[in-house]
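J.: Keeping the supplied structure of chain A fixed, place chain B upon it in accordance with the hints.
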Amino acid sequence: MVVVLTAPLGADDLAQLKFLIGRWQAIDTAAGESGSFKRSVERYTARMIIDPEEHEVDALLARLPPVDRCAVVEVGCGDGRLTRRYSRHVGTVLAVDPDQAALAAFRKDGIPGNVEVREMPIDRLALPDESVDAVLFSWAL
Amino acid sequence: MVDALSRARRWLKAPSGRIIDLRPAHVVPDVELGLPDGSIAHVGGLLVDDERRQRHLAADLAVLTVVRRRLLSVTGEQEFSFYRYPDSADELRDYIATKWQHTHLDAVTHRRAGEMMRADPDARLWLREQVAIRTLLPEARS
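Chains as they are written, first to last, in the working numbering: chain A, 73 to 213; chain B, 2 to 143.
In case anyone wonders, no lab produced these hints; they're calculated from the structure. Be careful, since some hints might not be right.
[Claimed, not checked] EDC-like, lysine to aspartate or glutamate: derived pairs with alpha carbons at most 20 Å apart:
hint	chain 1	residue 1	chain 2	residue 2
1	B	100	A	140
2	B	100	B	116
3	B	100	A	171
4	B	100	B	123
5	B	14	B	31
6	B	14	A	202
7	B	100	B	52
8	B	100	B	50
9	B	100	A	181
10	B	100	A	191
11	B	14	B	130
12	A	180	A	151
13	B	100	B	4
14	B	100	B	51
15	B	14	A	140
16	A	180	A	191
17	B	14	A	201
[Stated by the list, open to error] Sample of chain B residues with no beta-carbon within 10 Å of chain A, all distances over it, derived:
hint	residue
18	13
19	17
20	18
21	24
22	29
23	31
24	37
25	39
26	40
27	92
28	107
29	118
30	121
31	122
32	140
Glycine residues also receive a C-beta, built at the ideal position from the N, C-alpha and C atoms.
Here chain A stands alone, though its shape is the one from the complex (with noise of 0.2 Å):
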């Protein structure tokens, strides 16, 4: 299926569309100067459509701190489903969960080349004092 734009979307619209067209593959969409915000193309393989209004990803973006290349941990990253909406946006993510069958989902299809991949709860993961920019407790706490 080929969708072709004529006009720039809101996110609203944004989000109607990918449910209109249900089981989407990809969509890259590209507002101008004046809309500045771009989404890169994703890929669902999974049935069910997560978060397609993107709130969560916007909300987590929105509370990172302003660095160039934030180095983030993220706690409980299981098969990567957010880790790869926001690892583009930072420099540097280390991923850690100790669900092994996540994991094995997560770098299925690939993983992200500024994403680290580590099976280990938090309590066995060793990192020096002041070191990363953001800790994040994904669904984890």
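T.: Then chain B, alone, in the frame of chain A:
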């Protein structure tokens, strides 16, 4: 959980390092149906085991504890609705059974969702979870 937050605090760079806590704000997610006229029908809530309720309370208590100990302070909190859209009541039931622990779609809600969707084929089924996100800053830096 208190230990996890304390460890994470040590890893944060000064002056802007922060912890971001993202998790459900409410214990019970809602099954809803969006109708073509724009209205929303509440189908039911998921069945939640005590384990999930206790974990939810423990997470809140952990945040409260690190704040009381003046390790971290909560600088902002926001809630939003997080939606999952299945094709059918069966798909929703199977998804929850496969992906979630301590949470179930009960037979009554499952049947009601199926009946409502058959009665209105243009209706849209979803699972809505109220989610909270908060920023925690090391107390000495806040």
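J.: Does each hint fit the structure? Answer for all of them.
T.: For each hint, the structure was consulted:
1. A distance of roughly 35 Å separates the Cα atoms of residue 100 of chain B and residue 140 of chain A; the hinted pair therefore is violated under the 20 Å criterion.
2. Of the supplied pair hints, the one linking residue 100 of chain B and residue 116 of chain B is violated, its CA atoms being roughly 24 Å apart against a limit of 20 Å.
3. Annotation: proposed proximity of residue 100 of chain B to residue 171 of chain A holds, straight-line Cα distance about 12 Å (limit 20 Å).
4. A threshold of 20 Å between alpha carbons decides the hint, and for residue 100 of chain B with residue 123 of chain B the separation of about 27 Å lies outside it, so the pair is violated.
5. A hinted pair counts as satisfied when its Cα atoms are at most 20 Å apart, and residue 14 of chain B with residue 31 of chain B does not qualify at roughly 39 Å.
6. Proximity of residue 14 of chain B to residue 202 of chain A is assessed by CA-CA distance (about 4 Å); at most 20 Å being required, the pair is judged to hold.
7. Between residue 100 of chain B and residue 52 of chain B the CA atoms are separated by roughly 16 Å; this keeps the pair inside 20 Å, and the hint holds.
8. Taken as a hint, the residue 100 of chain B and residue 50 of chain B pair is honoured in the structure, with Cα atoms around 15 Å apart against an allowance of 20 Å.
9. Distance hint between residue 100 of chain B and residue 181 of chain A is fulfilled; the C-alpha atoms sit about 18 Å from each other, no more than 20 Å.
10. A C-alpha spacing of about 19 Å is found between residue 100 of chain B and residue 191 of chain A, which places the hinted pair at or below 20 Å, so the restraint holds.
11. For the given pair, residue 14 of chain B sits about 32 Å from residue 130 of chain B by alpha-carbon distance, which is inconsistent with the 20 Å threshold.
12. Taking the CA atoms of residue 180 of chain A and residue 151 of chain A, the gap is near 9 Å; set against the 20 Å cutoff, the hint holds.
13. Between residue 100 of chain B and residue 4 of chain B the alpha-carbon distance is near 27 Å, which puts this suggested pair outside the 20 Å criterion.
14. Pair hint residue 100 of chain B plus residue 51 of chain B holds up; C-alpha atoms about 18 Å apart against a cutoff of 20 Å.
15. About 13 Å separates the Cα atoms of residue 14 of chain B and residue 140 of chain A, which keeps this hinted pair within 20 Å; it holds.
16. For the suggested pair residue 180 of chain A and residue 191 of chain A, the alpha carbons sit about 15 Å apart, so the restraint of at most 20 Å is met.
17. With a C-alpha separation of about 8 Å, the suggested pair residue 14 of chain B and residue 201 of chain A falls inside the 20 Å cut-off, and the hint holds.
18. Consistency note on residue 13 of chain B: stated as away from chain A, yet its beta-carbon is not over 10 Å from all of that chain's, at 6 Å minimum.
19. Once the 10 Å rule is applied to beta carbons, residue 17 of chain B is inconsistent with being away from chain A; the minimum gap is 4 Å.
20. Distance check for residue 18 of chain B against chain A: the nearest CB is about 6 Å away, which does not clear 10 Å, and the non-interface claim fails.
21. A cut-off of 10 Å between C-beta atoms contradicts the statement that residue 24 of chain B is not in contact with chain A; the least separation is 5 Å.
22. At roughly 16 Å from the closest C-beta of chain A, the C-beta of residue 29 of chain B stays outside 10 Å, upholding its exclusion from the interface.
23. Look at residue 31 of chain B: its CB is around 15 Å from the nearest CB on chain A, clear of 10 Å, so calling it non-interface holds up.
24. No beta-carbon of chain A comes within 10 Å of the beta-carbon of residue 37 of chain B; the shortest separation is about 13 Å.
25. At the 10 Å boundary, the C-beta of residue 39 of chain B stays outside the reach of chain A, the nearest C-beta of that chain being 12 Å off.
26. Once the 10 Å rule is applied to beta carbons, residue 40 of chain B is consistent with being away from chain A; the minimum gap is 17 Å.
27. The claim that residue 92 of chain B lies off the interface is violated: its Cβ sits roughly 6 Å from the closest Cβ of chain A, which falls inside the 10 Å cut-off.
28. No Cβ of chain A comes within 10 Å of the Cβ of residue 107 of chain B; the nearest lies about 19 Å off, and the non-interface call holds.
29. No Cβ of chain A approaches the Cβ of residue 118 of chain B within 10 Å, the least distance being about 15 Å, so the stated non-interface status holds.
30. No beta-carbon of chain A is positioned within 10 Å of the beta-carbon of residue 121 of chain B; the least distance is around 16 Å.
31. No beta-carbon of chain A is positioned within 10 Å of the beta-carbon of residue 122 of chain B; the least distance is around 14 Å.
32. The beta carbon of residue 140 of chain B is kept farther than 10 Å from every beta carbon of chain A, the shortest such distance being approximately 15 Å.
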